[in-house]
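Participant: Here is how the chains run, residue by residue.
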Amino acid sequence: MTDAPLLPLFILLTSLGIAPLLFALPERSAGLRTAINLGAAGLKVALVAWLSWKLSQGVIYDLRFTVLPGLDFNLQADPLAILFIALSAVLWFITTVYSVGYLEKGPHRARFFGFFSLCVGATVGIALAGNLFTFLLFYELLTLATYPLVVHRGTAEALRAGRIYLIYTLGGGLVLLLGTLGLWILAGSTDFVPGGILGDVAEAAPLAAQLLFLVLVAGLGVKAALVPFHAWLPIAMVAPAPVSALLHAVAVVKAGAFGIMRVVYEVYGIETAQALGLTAPLAAIAAVTILYGSLRALSQDDIKRRLAWSTVSQVSYITLGVALASPIAAIGALAHLIHQGLMKITMFMAAGNLAEGLGVKKVSQMNGVGRAMPGTMAAFTLAALAMIGLPPLAGFVSKWYLATGGLEAGQGWVIALLLGSSLLNAAYFLPMLHRAWFVEPADAAPGGLARRRIGWMLAVPPIATASLVLIAGGLANAPFSPLEWTRFIVALEYPQAAFDDLPEAF
Amino acid sequence: MNSGLIFGLTGIAVFAIGLFGALVMVEPLRRVLALKLCSVGAGFLLVVGAWQAPPDMPDPVPHALVITGIVVMISATAVALALIRRLHSLERASDE
Amino acid sequence: MNDLPTLDWPTAVVFAPLAGAILAFAWPRRAAGIGLASVLLTTAAVAALALRVLAEGAVVTRLGNWGAPLGIDLRADGLSTLLLAMTAGVGLFVSLGALDSYAPARADERTRRYFWPLWLLLLTGLNGAFLSTDVFNLYVMLEVIALAAVGLTVLGGGREAVRAGLEYMYASILGALLFLMGVGFVYLELGRLDFAGLIAAEPAPALTAALALMIAGLLLKTALFPLHFWLPGAHANATAPASALLSGLVVKVSLYIFLRLTQYMPLPDELLVTLMGTLGAGAILWGGIQALRAERLKLLVAWSTVVQIGLIFVAFARAGQVGLAESWKAAALLILAHAVAKAAMFLSAGRIKDEVGHDRIQDLDRSPIRPTLAQFTFALAAISLIGLPPSLGFAGKWVLMEGAMAAGYWHWVGITMIGTLLSVAYFSRVLAGFLRFDRLRTPVAEHQGWALADTAPLVLALAALSLGLVAAPILAFMEIGYPFGATP
Chain A
1 MTDAPLLPLF
11 ILLTSLGIAP
21 LLFALPERSA
31 GLRTAINLGA
41 AGLKVALVAW
51 LSWKLSQGVI
61 YDLRFTVLPG
71 LDFNLQADPL
81 AILFIALSAV
91 LWFITTVYSV
101 GYLEKGPHRA
111 RFFGFFSLCV
121 GATVGIALAG
131 NLFTFLLFYE
141 LLTLATYPLV
151 VHRGTAEALR
161 AGRIYLIYTL
171 GGGLVLLLGT
181 LGLWILAGST
191 DFVPGGILGD
201 VAEAAPLAAQ
211 LLFLVLVAGL
221 GVKAALVPFH
231 AWLPIAMVAP
241 APVSALLHAV
251 AVVKAGAFGI
261 MRVVYEVYGI
271 ETAQALGLTA
281 PLAAIAAVTI
291 LYGSLRALSQ
301 DDIKRRLAWS
311 TVSQVSYITL
321 GVALASPIAA
331 IGALAHLIHQ
341 GLMKITMFMA
351 AGNLAEGLGV
361 KKVSQMNGVG
371 RAMPGTMAAF
381 TLAALAMIGL
391 PPLAGFVSKW
401 YLATGGLEAG
411 QGWVIALLLG
421 SSLLNAAYFL
431 PMLHRAWFVE
441 PADAAPGGLA
451 RRRIGWMLAV
461 PPIATASLVL
471 IAGGLANAPF
481 SPLEWTRFIV
491 ALEYPQAAFD
501 DLPEAF
Chain B
1 MNSGLIFGLT
11 GIAVFAIGLF
21 GALVMVEPLR
31 RVLALKLCSV
41 GAGFLLVVGA
51 WQAPPDMPDP
61 VPHALVITGI
71 VVMISATAVA
81 LALIRRLHSL
91 ERASDE
Chain C
1 MNDLPTLDWP
11 TAVVFAPLAG
21 AILAFAWPRR
31 AAGIGLASVL
41 LTTAAVAALA
51 LRVLAEGAVV
61 TRLGNWGAPL
71 GIDLRADGLS
81 TLLLAMTAGV
91 GLFVSLGALD
101 SYAPARADER
111 TRRYFWPLWL
121 LLLTGLNGAF
131 LSTDVFNLYV
141 MLEVIALAAV
151 GLTVLGGGRE
161 AVRAGLEYMY
171 ASILGALLFL
181 MGVGFVYLEL
191 GRLDFAGLIA
201 AEPAPALTAA
211 LALMIAGLLL
221 KTALFPLHFW
231 LPGAHANATA
241 PASALLSGLV
251 VKVSLYIFLR
261 LTQYMPLPDE
271 LLVTLMGTLG
281 AGAILWGGIQ
291 ALRAERLKLL
301 VAWSTVVQIG
311 LIFVAFARAG
321 QVGLAESWKA
331 AALLILAHAV
341 AKAAMFLSAG
351 RIKDEVGHDR
361 IQDLDRSPIR
371 PTLAQFTFAL
381 AAISLIGLPP
391 SLGFAGKWVL
401 MEGAMAAGYW
411 HWVGITMIGT
421 LLSVAYFSRV
431 LAGFLRFDRL
441 RTPVAEHQGW
451 ALADTAPLVL
461 ALAALSLGLV
471 AAPILAFMEI
481 GYPFGATP
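Order-wise, the sequence lines are chains A, B and C.
Per our numbering, residue 1 is the first one in the first sequence, and the count goes up by one each step.
Per our numbering, residue 1 is the first one in the second sequence, and the count goes up by one each step.
Per our numbering, residue 1 is the first one in the third sequence, and the count goes up by one each step.
For reference, chain A alone in the conformation it holds in the complex (with noise of 0.2 Å):
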């Protein structure tokens, strides 16, 4: 059943359509320019949650058009894609709060807001992108729109980073044009289809379909910080808070993620890619990638970048799952995508009130924080316990599925890795929270902890997506939670696995 093609077009103009009317806003009709943005972004997330009631529904959303002989621009509402637009229209509408109360008074606000929705309207691009093709024409619409936002404050510092920025990702992008027309080429298609299109040629020519591999998760692993492309990631958090939160929770290191799971889902389908033993190595990078951000994030000072290095070690779980080859395990990657999602934006959000309220950028310089932010404080609390693994906290869920996957796909060192991984994540949040509590503040501490007020519309966004936190892990097997949503894509995607047979508590 067809129905409405165009609701997903629609969906993708609420972020890219506001955008020439942002720029050309003047700077000083802040009041329109937040009821715009906040009108588009409610909007979206009302499309998003009719759209997904549609797809329940049995209803097939389908749009293209032709662009070059023989490939099409394709826009595809599937389960794995709504996950995604879900994650970014809600995650849209609370930074977009935060960035009307951070930005408040800052320059350049038009130039900011119209970058900001042409990156989450890039994101909701990605995702319902059909075919490789599409995801591609987005994936470089978000590496050129998030560039004016990391260089947003215009200082030396952050035109390196931005050079920095620019160089990794438009050379991955590059990469990715390379591995696109590579599959375009082998396969006569670039479309994504559940179990993939590569079955053929890979038992005609193995080689060839391995070295496309090779070329598309590098391509992909540049934007998800897979080591060794990682290095953009930590030098890129000179961004203001709200796109540091963004970014590490939705925008761009999630579109590598995401596309890896499209890579290796879609393209290559799972059975495929596991015949040609490709699963083993990706998961192999996706371990080193764990352990070695999480080293990193040890000795970082500063908060942002401590919380970027974190990124690198969180992100790469995703990639585990898919790599582990087990449907539990994907369950496990999918809720990640999600989960991390949540608890990155509330951590970077809170990092940075901190900055605003008292000027805290340090760890050191987070002797007794707590009281004086207590609700951000909490919210960072909440989400450095998720991402450590608490139960029954979002980290946790993700964790499990993760571990268990393992298990199943006889890969023991998993539940290793990950052990591992929480005593580093617990190494390196832990202090953050026991100086934030229990030390008392050092008067001579920098700036001491003078507070300055922080409008509602910086308060209020952490605690909200702590409360999601919260809610993701704690009511994980209720209807409509993410959870429950990726076992009904992981079903889609490993034919073999009945929805009723995965695991549903743990």
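Treat the hints as calculated values from the structure; they're not laboratory data.
Careful, some of the hints might be misleading.
Dumping the calculated EDC-like pairs for lysine to aspartate or glutamate here, alpha-carbon to alpha-carbon at most 20 Å [claimed, not checked]:
#1 353(C) with 108(C)
#2 105(A) with 438(C)
#3 36(B) with 167(C)
Based on the hints, put chains B and C in the right spot on chain A.
Facilitator: Below, chains B and C alone, put in the same frame as chain A:
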């Protein structure tokens, strides 16, 4: 070696001399003259090609082409000379 | 000549700008009005012609009903019409931009007086070349274009501009004369000059020599490395609208003729194709390095033209001689993409220079004046020139790389990727200057430079960006009437 070939080779040689001059000369006026020589060589070749042993009439088409070429070259020369004069006067003005 | 020449669209496309040029020259006070009207008229004629080509296939007009080999035929097939449309579209918006650039407050009387006749003469030559069906006619049009283009180069009147213009003049005349010599060889061998004769011809040493001479002339005119020496100076020192026309349109004529000739004349062997690609690779590397080192914005943009010309030749060579039947489409897409994007870029660079007062890249971020919309336009044009989706430049690059990969020519893939990275590097120098604010002493006012003058380059840049989404229809249109002579 018939006369047609000799004339043809002469045309090519004249063109080549002009080409050499245009590439090597530094003085603007000399370069213009070298380019003129090129055009003469090219035109020569076409006129030679048009020639047919009497009593046949020469082929009129190349003649028409050559005349067009000459007209074009005259305008090009005029523009080049005007530019050279302009450059001279600009350079003199900046020297003073 | 008993019959009156039948006036139809190909004729109108050539004679509307010619009449405009004469009128604008004779009546300088109304030059701008006449010029704009004439450009609009030409655009309308091209649109009508395009519709006819779409409906009926290639359109042929016999001027004065003489017919080949003596008369002049004008023929519009898909490729010709596409380039006519490109010229009309770019020309129209550059004309609009010129209304501002050459407004009485900005330009002296001489500039304003001569721009329009020269530009319309140039348009006549361009349209004539795209419709030509014989090599001698092409030679004449090349000369018309050269004279008008040199005039446009020196329009600003500065010493640098005149010196660069003179250098351009030499290169241009020499290129045309080499071409003329080749034309002579063709006539001596075949006794005719029209394309149909070339297609029917058997390979012969004289034809090979003719092709070599004509190609040498064309390469000089289109500034393929290492014959590019005249281009950066000429394009960087001209006034902005003139640069837009020179870089966007003029160099494309020689490329177009090159595409035609290599299809129609018996090609020697793969050596030529490989040589062209190698020179193109040289242009990409050398031009890229020079663009990285350029100190002035317009000079950087001019070097980027050298790079793009190189890329077009790589596109031509991408699949060797076997792939020539397909390669010309990749090259044509890139020609189109570069024309639109580069015109937008030169116009916006000119706007930035006008507003800021200089175009030194190093000091752009010291200026408290930020012509936001012009900078935005520049960035959009850069996206297309780098070849990022969904721009037309991306579509061209896609077709290029697709062909090269399918044929296993990995070196062309590699050079294209290196060129892309180089272009990111040199354009990001400029973009960083737009976005840096910490070297300012005074605060930046908001939304500066939202002048009406920014609309023309903005429209062009948006077109370059979005036309990639309709690359498939463009490619289909290009093939109307191909190969030559298959349809009337």
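Participant: Decide, hint by hint, whether the structure agrees.
Facilitator: Okay, the hints, checked on the actual structure:
For the hint pairing residue 353(C) with residue 108(C), the CA-to-CA distance comes to about 17 Å; that is within 20 Å, so the pair holds. Annotation: proposed proximity of residue 105(A) to residue 438(C) holds, straight-line Cα distance about 17 Å (limit 20 Å). A threshold of 20 Å between alpha carbons decides the hint, and for residue 36(B) with residue 167(C) the separation of about 16 Å falls inside it, so the pair holds.
Going down the numbered hints, you'll see the structure goes against none, and every one checks out.
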